[in-house]
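Protein chains in written order, with my numbering: chain A, 1 to 171; chain B, 1 to 192.
No wet-lab data here; the hints were simulated from the structure. Where a beta carbon is used, it is the ideal one built from N, C-alpha and C, also for glycine. Check each hint, because a few of them may be wrong.
[Claimed, not checked] Straight-line Cα separation of at most 20 Å, DMTMM-like style, residue types lysine to aspartate or glutamate; simulated pairs:
1. Lys43/A <-> Glu31/A
2. Lys141/B <-> Asp50/B
3. Lys154/A <-> Glu43/B
4. Lys118/B <-> Glu132/A
5. Lys100/A <-> Glu51/B
6. Lys9/B <-> Asp50/B
7. Lys118/B <-> Glu103/A
8. Lys186/B <-> Glu103/A
9. Lys118/B <-> Asp136/A
10. Lys9/B <-> Glu43/B
11. Lys102/A <-> Asp50/B
12. Lys96/A <-> Glu51/B
[Claimed, not checked] What follows is a set of in silico ranges between Cβ atoms, one per label pair, in the way DEER data are often shown:
13. Gly72/A <-> Met17/B: 26 to 36 Å
14. Ile167/B <-> Ala135/A: 22 to 32 Å
15. Ile82/B <-> Ser45/A: 36 to 46 Å
16. Ala49/A <-> Ala185/B: 47 to 57 Å
17. Leu150/B <-> Leu127/A: 16 to 26 Å
18. Leu140/A <-> Asp163/B: 18 to 28 Å
[Unchecked claim] Per the computed footprint, the stretches of chain B lying under chain A, defined by three or more beta-carbons under 8 Å from a beta-carbon of chain A, are:
19. 9-18
20. 34-46
21. 50-56
22. 72-81
23. 93-107
24. 130-142
25. 146-153
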Amino acid sequence: MILLRLFLTFAFIGAFSFGGGYSMLTLIQEEVVLHHNWLNIQKFSDIVAISEMTPGPIAINAATYVGYRTAGFPGSLAATVGVILPSFFIVLALAKIVLKNKENPYFQGAFSGLRPVIVVLIIGASLRLGTEIIADFKSLILTIAAIAIIFLTKIHPVLIILGFGLIGILM
Amino acid sequence: MTKSQEKNKPAPAILFMTFFKIGAFTFGGGLAMIPLIRREVVENRQWLTDEDFMDTIAVTQSAPGPIAVNSATFIGYKLAGIPGALTALSGTVLPSFLVILLIAVFLENLGQSFLLQKFFSGVRPAVIALILTAGIRMGRKALRNTTDYLEAVIAFLLLIIADFHPIILIILGALWGASRVHHAAKQGGNKQ
Numbered sequence: 001m002i003l004l005r006l007f008l009t010f011a012f013i014g015a016f017s018f019g020g021g022y023s024m025l026t027l028i029q030e031e032v033v034l035h036h037n038w039l040n041i042q043k044f045s046d047i048v049a050i051s052e053m054t055p056g057p058i059a060i061n062a063a064t065y066v067g068y069r070t071a072g073f074p075g076s077l078a079a080t081v082g083v084i085l086p087s088f089f090i091v092l093a094l095a096k097i098v099l100k101n102k103e104n105p106y107f108q109g110a111f112s113g114l115r116p117v118i119v120v121l122i123i124g125a126s127l128r129l130g131t132e133i134i135a136d137f138k139s140l141i142l143t144i145a146a147i148a149i150i151f152l153t154k155i156h157p158v159l160i161i162l163g164f165g166l167i168g169i170l171m
Numbered sequence: 001m002t003k004s005q006e007k008n009k010p011a012p013a014i015l016f017m018t019f020f021k022i023g024a025f026t027f028g029g030g031l032a033m034i035p036l037i038r039r040e041v042v043e044n045r046q047w048l049t050d051e052d053f054m055d056t057i058a059v060t061q062s063a064p065g066p067i068a069v070n071s072a073t074f075i076g077y078k079l080a081g082i083p084g085a086l087t088a089l090s091g092t093v094l095p096s097f098l099v100i101l102l103i104a105v106f107l108e109n110l111g112q113s114f115l116l117q118k119f120f121s122g123v124r125p126a127v128i129a130l131i132l133t134a135g136i137r138m139g140r141k142a143l144r145n146t147t148d149y150l151e152a153v154i155a156f157l158l159l160i161i162a163d164f165h166p167i168i169l170i171i172l173g174a175l176w177g178a179s180r181v182h183h184a185a186k187q188g189g190n191k192q
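Using the sequences and the hints given, assemble the complete structure.
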């Protein structure tokens, strides 16, 4: 039954996609293109491009798209719920453990020890993205301008994203 | 974990709309949604402190699945239990689900659209800037003394030069923090 297979395949993808974003592309490609032949490689690269242009994580975008192509609206629902469900339960379990132990000094110590790491991961992600995306003067100037605007004003991130999208069209 | 502002218990509709907004504007995936979530959840709604938010990221990075979705589950659960988790989760997922459905039905060749490519040539630099500044703002809160800065520098070198996996770095940071507590307790409850 195709709906069940969609659900299980994407639940598998969802359960093993640590790190999010592009780290899960390989796994999705393996399952969707090579194993199940739900999409050819051309259509798969289209869905990657579409994912970059639409909101939401690529795993969910891919699930919705592949599900619809394979079995219509019920397919898109089965695949999307499948990809979300494993991490939903795992995060719920972690949340229970963390909130239960939040007065424990060792837990507090562990969290205060990992916060500097989180800061580094976030700054590191922006630098890594920067080396991929800043390829010419235009993108360099846009990046510097955006940093200045964010530090000097309180404009909402959504407006900054839309505003710079418009600038991209005009430039 | 530090205490969050418990007074701000969200109404389900507000919880849903907040995460719907986050889901609708998280282009790029991964850590790209951190600035938007932080702005909404920490600054605007004040449901979490910056410390709570960093702990949320740590937990959600340690689980499989996209960070945006995991953060929604975690924050929703923290604020309003399992109904809260479901509300925040569906708010986050619904925008991308609807958009992809529309594209799959009507706009098969969107991937080749010239106008959209130009739009995103402007969005991507802004996303870099948003992530970087969110990291710096959190750093101002999280790095409180020389030890913290030293830890951050070491973590940075391990990430950039030695290419350590983020989960390994989070675990090392947690172990380091717990061992400091252990050490302080052994020395007769000295506060570090």
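Hint check results:
no.	hint	verdict
1	Lys43/A <-> Glu31/A	holds, 14 Å
2	Lys141/B <-> Asp50/B	holds, 7 Å
3	Lys154/A <-> Glu43/B	holds, 11 Å
4	Lys118/B <-> Glu132/A	holds, 17 Å
5	Lys100/A <-> Glu51/B	holds, 17 Å
6	Lys9/B <-> Asp50/B	holds, 17 Å
7	Lys118/B <-> Glu103/A	violated, 50 Å
8	Lys186/B <-> Glu103/A	holds, 19 Å
9	Lys118/B <-> Asp136/A	holds, 14 Å
10	Lys9/B <-> Glu43/B	holds, 15 Å
11	Lys102/A <-> Asp50/B	holds, 16 Å
12	Lys96/A <-> Glu51/B	holds, 18 Å
13	Gly72/A <-> Met17/B: 26 to 36 Å	holds, 29 Å
14	Ile167/B <-> Ala135/A: 22 to 32 Å	holds, 30 Å
15	Ile82/B <-> Ser45/A: 36 to 46 Å	holds, 38 Å
16	Ala49/A <-> Ala185/B: 47 to 57 Å	holds, 54 Å
17	Leu150/B <-> Leu127/A: 16 to 26 Å	holds, 20 Å
18	Leu140/A <-> Asp163/B: 18 to 28 Å	holds, 25 Å
19	9-18	violated (count 0)
20	34-46	holds (count 4)
21	50-56	holds (count 3)
22	72-81	holds (count 4)
23	93-107	holds (count 10)
24	130-142	holds (count 10)
25	146-153	holds (count 4)
Checked against the numbered hints listed earlier, the structure breaks hints 7 and 19; every other hint is satisfied.
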